[in-house]
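Student: Listed below are the residues making up each chain.
Number of protein chains: 2
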Amino acid sequence: MVPHLTTALNGPLRDIERNTLDAQAAIEHWFRLQWQEHATPFYSSVDLRNAGFKLAPVDTNLFPGGFNNLNPAFLTLAVQAARVAVEKMCSSAQRFLVIPENHTRNLFYLQNVAALADILRKTGLTVRIGSLIPDLVEPLAIDLPDGSVLKLEPVKRTGDRLALDDFDPCAILLNNDLSAGVPEVLKGLDPMQTLLPPLHAGWSTRLKSNHFAAYRDVAEAFARVIGVDPWLIDPYFEQCGEVDFQTRDGEECLATHVEQVLAKIRHKYTEYGIDKEPFVIVKADAGTYGMGIMTVKSPDDVRDLNRRQRNKMAVVKEGLAVSNVLVQEGVYSFETIHEAVAEPVVYMIDHFVIGGFYRVHTTRGPDENLNAPGMHFVPLAFEETGCFADPNARPDAPINRFYTYGVLARLAALAAAIELENTDPEFNP
Amino acid sequence: MVPHLTTALNGPLRDIERNTLDAQAAIEHWFRLQWQEHATPFYSSVDLRNAGFKLAPVDTNLFPGGFNNLNPAFLTLAVQAARVAVEKMCSSAQRFLVIPENHTRNLFYLQNVAALADILRKTGLTVRIGSLIPDLVEPLAIDLPDGSVLKLEPVKRTGDRLALDDFDPCAILLNNDLSAGVPEVLKGLDPMQTLLPPLHAGWSTRLKSNHFAAYRDVAEAFARVIGVDPWLIDPYFEQCGEVDFQTRDGEECLATHVEQVLAKIRHKYTEYGIDKEPFVIVKADAGTYGMGIMTVKSPDDVRDLNRRQRNKMAVVKEGLAVSNVLVQEGVYSFETIHEAVAEPVVYMIDHFVIGGFYRVHTTRGPDENLNAPGMHFVPLAFEETGCFADPNARPDAPINRFYTYGVLARLAALAAAIELENTDPEFNP
Chain L
3 MVPHLTTALN GPLRDIERNT LDAQAAIEHW FRLQWQEHAT PFYSSVDLRN AGFKLAPVDT
63 NLFPGGFNNL NPAFLTLAVQ AARVAVEKMC SSAQRFLVIP ENHTRNLFYL QNVAALADIL
123 RKTGLTVRIG SLIPDLVEPL AIDLPDGSVL KLEPVKRTGD RLALDDFDPC AILLNNDLSA
183 GVPEVLKGLD PMQTLLPPLH AGWSTRLKSN HFAAYRDVAE AFARVIGVDP WLIDPYFEQC
243 GEVDFQTRDG EECLATHVEQ VLAKIRHKYT EYGIDKEPFV IVKADAGTYG MGIMTVKSPD
303 DVRDLNRRQR NKMAVVKEGL AVSNVLVQEG VYSFETIHEA VAEPVVYMID HFVIGGFYRV
363 HTTRGPDENL NAPGMHFVPL AFEETGCFAD PNARPDAPIN RFYTYGVLAR LAALAAAIEL
423 ENTDPEFNP
Chain D
3 MVPHLTTALN GPLRDIERNT LDAQAAIEHW FRLQWQEHAT PFYSSVDLRN AGFKLAPVDT
63 NLFPGGFNNL NPAFLTLAVQ AARVAVEKMC SSAQRFLVIP ENHTRNLFYL QNVAALADIL
123 RKTGLTVRIG SLIPDLVEPL AIDLPDGSVL KLEPVKRTGD RLALDDFDPC AILLNNDLSA
183 GVPEVLKGLD PMQTLLPPLH AGWSTRLKSN HFAAYRDVAE AFARVIGVDP WLIDPYFEQC
243 GEVDFQTRDG EECLATHVEQ VLAKIRHKYT EYGIDKEPFV IVKADAGTYG MGIMTVKSPD
303 DVRDLNRRQR NKMAVVKEGL AVSNVLVQEG VYSFETIHEA VAEPVVYMID HFVIGGFYRV
363 HTTRGPDENL NAPGMHFVPL AFEETGCFAD PNARPDAPIN RFYTYGVLAR LAALAAAIEL
423 ENTDPEFNP
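In the order they appear, the protein sequences are chains L and D. Here our numbering is used: the first residue of the first sequence is 3, the next is one more, and so on. Here our numbering is used: the first residue of the second sequence is 3, the next is one more, and so on.
Rather than coming from a laboratory, the hints here were simulated on the basis of the structure. Among the clues, some could well be false.
Same chains, same names: a pair is fine if it fits in one copy or spans any two.
What the hints assert, rightly or not - Result set (DMTMM-like, lysine to aspartate or glutamate): computed pairs, CA atoms no more than 20 Å apart in a straight line:
#1 K153 / D392
#2 K90 / E39
#3 K270 / E240
#4 K266 / D303
Values in this document were obtained by computation on a predicted structure and should not be read as measured data.
Based on the sequences and whatever the hints tell you, model everything.
Tutor: See below:
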C-alpha cells in the first residue's frame with residue numbers, strides 16, 4: 003500500500019523525479035565525494051513533504067525515535083549499515099550503551115529503543131540501556147506491547163567515564179535529544195569513550211536555522227548536479243532572534259519575516275503557475291516535538307495571537323522558553339492514503355537509507371505539521387527501501403519515488419553533517 | 003525450504019554452533035579488528051561442507067559466478083555492500099567495466115554477469131561489460147533466459163588504459179579468473195585505473211595451498227576466540243609439487259601425503275568417536291572448475307589410476323597441465339534436501355555476507371565434490387542472509403545455522419585477504 007498524490011504530477015516534480023532517475027550515476031558519484039569530506043551522523047531521520055510540485059525535507063532528527071515503525075523486511079539492511087557505522091565509530095567498541103529519553107510511559111517510544119538496541123545487538127555488540135532519569139537507583143524492567151521486556155539501568159559516573167554496574171562501555175549512543183540541556187553526567191567524558199551524536203547536536207544548543215542554512219548550500223550544489231531549480235527541493239526560511247510571545251517583543255520582526263517569505267513563495271508559485279495559497283510554518287529554532295508550531299498564511303496571523311496561542315508558542319519540550327524563531331516556507335503534503343494526509347519519514351544509519359514510514363494522520367490538513375504533541379498517527383512502513391532506482395520503471399513508480407525520497411533524505415543528512423562541523427565548539431570556541 | 007542434516011547433531015558441531023552463538027559479540031569485535039588490518043577482496047564466494055561433526059570451507063572463489071542464484075529478497079543488501087566496496091575502491095569511480103569469462107554459450111554464467119552488473123548499476127555506477135574474447139570485433143548482444151539482453155563489448159587498449167568505445171572506465175572488475183594466464187591487454191595498466199581483484203588473484207598464479215595456509219592461521223586464531231578445536235573448522239591439507247599424472251612422476255610423494263592426511267583425520271575421528279571412513283580430496287593446487295578432482299580413501303587409490311583417470315587429473319580448465327597438487331582432508335556433506343546432497347555457497351561483497359545458495363546435487367554422494375565439470379545442480383537460495391544470529395532461537399535454527407555459515411565464509415574471505423597480501427608481487431619481487 004503506497005500513498006498517492008492527490009495533485010496531478012505537474013512540471014516541477016516530474017522534473018525532480020525524472021532528472022533524479024536520469025542522473026542516478028552522477029548523484030551517487032556526487033554523494034561518494036561528499037561522504038569523503040564529511041563525517042555522516044551515526045543515524046538520522048528526515049521528515050519530507052511532497053507537494054507534487056515541490057519535494058523537500060522539513061525536519062532532520064539526529065535522535066530518531068521510530069525504529070519500531072520500519073519494515074521488518076529491511077532489518078538486515080539496518081544491521082549491515084550499523085556495522086559500517088560501528089566500524090567507523092570505534093573498531094574496538096564491543097560494549098555499547100544506549101541512552102534513551104527519560105519517558106517511561108510512552109510505550110511506542112520505548113518500543114523504538116528496543117528496536118534500536120536489537121539492530122545494534124545484531125551487529126554483534128553487547129548493548130545495554132542506560133537511563134538519565136534522576137531518581138532511578140536500580141534497574142527498571144518495562145513490559146513492552148510486543149511482549150518483550152526493556153531494562154533501563156541507572157547510569158553512573160566513574161571518574162571521566164560513564165558506566166552501568168559491571169559495564170564499562172566503549173561507546174555511548176544518545177537517543178535522548180538533550181532538550182533539557184546537557185546533564186552534568188555527560189560533560190567532560192573520556193574522549194576514548196566515543197559519544198554519538200556529539201553533545202552539540204542536542205536540542206539545547208542545536209538550531210534549525212543552522213541546519214537549513216547548511217541544507218541550502220547542499221541543495222544548491224545538488225540542484226546543479228541534476229539540473230533543477232534548487233527551490234524545488236529547498237524551503238525558504240528566515241530566522242528571528244529574541245522573540246517573546248508572552249511580552250510580544252520581537253513580534254514585528256516576526257511579521258516582517260513572515261511577509262518576506264510569503265512574498266518569495268508567491269513569486270515562485272507564479273513562476274510555476276501553482277494555484278495554491280502560500281503558507282509558512284513558524285516554529286522554535288531550537289527544540290523538537292512539534293510544540294510551538296503554527297501554520298501562518300498572513301503576517302497578521304502572528305500579530306493577533308490570543309493568550310492560548312501565545313502560551314502554546316512560548317514553550318517547547320521540557321519547558322524551554324522560545325526565543326529564536328524560524329519562519330520556514332510551508333510545503334503542502336499532497337500525499338494521502340484513504341483520504342488521510344501522509345508524510346514520509348526516511349531513516350538512515352550512517353549514510354545508508356534503511357527504509358522509512360509514512361506518518362498517516364486522519365485529522366490534519368495538507369498544510370499542517372504532522373509531528374505535533376499528542377499527535378496520533380498510524381505508521382505505514384515503506385514497501386521499498388529507497389536504496390536504488392529502477393530506470394526501466396516510470397519515474398513515479400514506487401521504487402523510484404522512494405529512491406528520490408532517499409536522495410532528499412541523504413541531502414538532509416549531509417547538511418546535518420556540515421551543520422555539526424560548523425557548530426562544533428572545539429573548532430568554534 | 004532448508005536442507006536438514008542427516009546425521010544427528012553430535013558433540014563437535016553442536017559446540018561450533020553453540021559457541022558461535024554465545025560468542026557473537028566477541029566474534030564481530032574480532033572481525034572488526036581483522037578488517038582494519040586487511041583489505042577485503044571486492045567480492046568472494048565460499049563453498050562450505052557441513053559434516054555434522056565438522057563444518058569447513060573447502061573452496062574460496064575470488065571471481066564468484068553465481069550472483070543469479072541469490073535470493074532476490076536480499077538484493078538491497080548486496081547493493082548496500084557494493085556501495086561500501088565501491089567507496090573504498092575509488093570514490094571517483096563512476097564508469098565501471100566488468101570483464102566476464104569468455105564463455106558465450108553458458109547462459110547460466112551470463113545470467114550471473116547480468117545479475118552482478120545489475121547490483122553495480124543499482125549502486126549508481128555506469129556499468130558496461132568488456133570481453134576478452136580474442137576475435138570479438140564488435141558488440142555482441144546475447145539474449146538471456148530471463149528475457150533481458152547482455153551486451154558484450156570488445157575491450158581495447160589505449161596507452162596504459164583499458165577502454166571500450168566511448169568509455170574510459172575508472173575501475174575494472176574481473177569476473178574472469180584468468181585460468182588461461184594474464185592476457186597482455188591487462189598487463190601494466192595505469193595504476194589510477196583500479197583493477198580488482200588484483201592480477202595475482204587469478205588462477206594462473208593463485209595456489210589453493212597459499213589460501214589454506216592463510217586459512218589455517220585464521221582458523222587457529224578464531225578457534226581461540228570461540229573456544230573450540232580448530233580442526234572442527236579447518237580441513238588438513240598437504241601440498242605436492244611436481245606431480246605429472248601422465249608420466250607418474252611424483253606419484254609416491256602424493257601417496258605418502260595421502261597416507262599422512264588420512265592418518266591425521268583417522269586420529270581426529272577416533273578422538274571424537276566419529277564412525278566414518280576418512281577420505282581426502284586430491285585436486286590441482288592451481289585452477290578451478292573442479293576438473294582434476296578425486297575422492298581418495300587409500301594411498302593405493304592414487305597409485306592405481308587407469309589411463310582415463312590420469313587424463314582427467316592431468317588437465318584443468320583452459321588446458322593448464324597439473325603440476326602442483328593439493329591433498330585436502332575430505333569433509334562429508336551431510337546436508338540433504340529431498341535425499342539429494344546439498345552444499346552451501348556463501349556470497350560476500352567486501353566483508354559483508356549478502357546471502358548464498360545451496361548446490362543441490364541428486365547424483366552425487368556425501369563424499370564427492372559438488373562443483374564438477376558438467377555438474378548439474380539445482381541452486382536453492384538461502385532463506386536467511388546469515389548476517390546475524392538470534393540468541394533466543396535454538397543454535398541449529400535456520401537463522402543461527404546461516405549465521406554460522408556466514409562466519410565461516412568470512413573467515414575464508416579474511417584468509418583470502420591475507421593470502422593476497424602474502425602473494426602480492428609488489429612486496430614479493
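Student: Between K266 and D303, at a C-alpha cutoff of 20 Å, which is it: within one copy, between copies, both, or neither?
Tutor: Within one copy, since 18 Å is at most 20 Å while 87 Å is not.
Student: From the Cα coordinates, with 20 Å as the cut-off, is the pair K90 and E39 best called within, between, both, or neither?
Tutor: Intra 14 Å, inter 14 Å, cutoff 20 Å: intra and inter.
Student: For K270 and E240, with the copy left unspecified, which applies at a CA distance of at most 20 Å: within, between, both, or neither?
Tutor: So K270 and E240 pass the 20 Å test inside one copy only (16 Å; across, 75 Å).
Student: For K153 and D392, with the copy left unspecified, which applies at a CA distance of at most 20 Å: within, between, both, or neither?
Tutor: This pair counts as between: shortest inter-copy Cα distance 19 Å, intra-copy 43 Å.
The structure shown violates none of the earlier numbered hints.
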